[in-house]
Structure formats: structure tokens, C-alpha cells
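Chemist: Sequence:
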Amino acid sequence: MGQVKNYDIKTVSKLIATAIATLGLGAVPAGMKRYATMVRVNNVAGQQNVLYIASSPTGSATTSTDTLASAAQKYSVQLPADGVDQFPNSVPDPDRPLFSFAASSYVNMKTSKGSARVFMQYYDM
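If you read the sequence shown in the numbering used here, its first letter stands for residue 1, the second for the next number, and so on.
Source of the hints: derived by calculation from the structure; they are not laboratory data. A couple of the hints might just be wrong.
Straight-line distance between alpha carbons at most 27 Å, and here's what the computed DSSO-like set of lysine-lysine pairs gives [said to hold, decoys possible]: (1) Lys14 - Lys33; (2) Lys10 - Lys74; (3) Lys33 - Lys5; (4) Lys14 - Lys74; (5) Lys33 - Lys74; (6) Lys5 - Lys113; (7) Lys74 - Lys113; (8) Lys10 - Lys33; (9) Lys74 - Lys5.
Between beta-carbon pairs, the in silico distance windows are [said to hold, decoys possible]: (10) Gln47 - Tyr7: 16 to 22 Å; (11) Asp66 - Met125: 29 to 35 Å; (12) Thr65 - Asn6: 18 to 24 Å; (13) Asp8 - Ser104: 16 to 22 Å; (14) Val4 - Pro80: 28 to 34 Å; (15) Gly83 - Gln3: 38 to 44 Å; (16) Lys5 - Gln47: 17 to 23 Å; (17) Arg40 - Tyr7: 14 to 20 Å; (18) Lys14 - Pro94: 35 to 41 Å; (19) Gln47 - Val4: 41 to 47 Å; (20) Ala30 - Gln78: 32 to 38 Å.
Idealized CB from N, CA, C, for every residue including glycine.
Required output: the full structure, derived from the provided sequences and hints.
Modeler: In C-alpha cells form, the structure reads like this:
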């Protein structure tokens, strides 16, 4: 039987718009990484949209435009009009996170047009 790990999985849900949002998580604690294991997006903009998930050392200042968010992105997803998208499409696996954020950085998100409700599952380790 393998060793059991306690990942202390957490979730956050926020309405994201074209202005950058830090999700209210604060910076990743020193000496740790923040691992995202699942992201679900409900595009409520009524039109095609892009969600940028980016890393920033100073909160929102360095990812405030689509160009800056795209350059700092960990992940971006094209969203159909009024649709729900989830990645991964299967059960989230903490042993295989989607992406990570370095210590002292912030998780930032923004959309290119309109709003989207984002639900993210993550853990710090």
C-alpha cells in the first residue's frame, strides 16, 4: 500500500471580467508553490471570450492588459458564447496538476470580453 498524502485541497470561485483579478488568495507563501488541479469557467459574456490565467509578482499591475496577461500566462482558454468549460475534462488529480505558481507570486485572471464565473481547485505545497 502506498503512502497517503494530504494535499489540503482548496477552492475559490469568482466572477472575472476584463479588469484583472487576483482571486483574493494573496501571494503564494514563501518556500511553497501553488498548484492548480482544476479550473471550471462559465462564460456569461454572451459572446466568445478568452480567459487568461497568469502569474504576477506584484498582484495585478503586470498583467493588466490582454497583451501583458498573454505574455505572463500559465494558461489561456477560448470560451464559446454562454458555455461552460472545465479542464481537465476528467476528475482532477492532485498528483498531476495543470500548472503551478512560484513562491511570492499572485494568481491573476482576466477575460478579453465581458464576464466569466471561474471556479478553481488548488493546493499549496
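Chemist: What hints, given by number in increasing order, does this structure fail?
Modeler: 6, 10, 12, 14, 16 and 18
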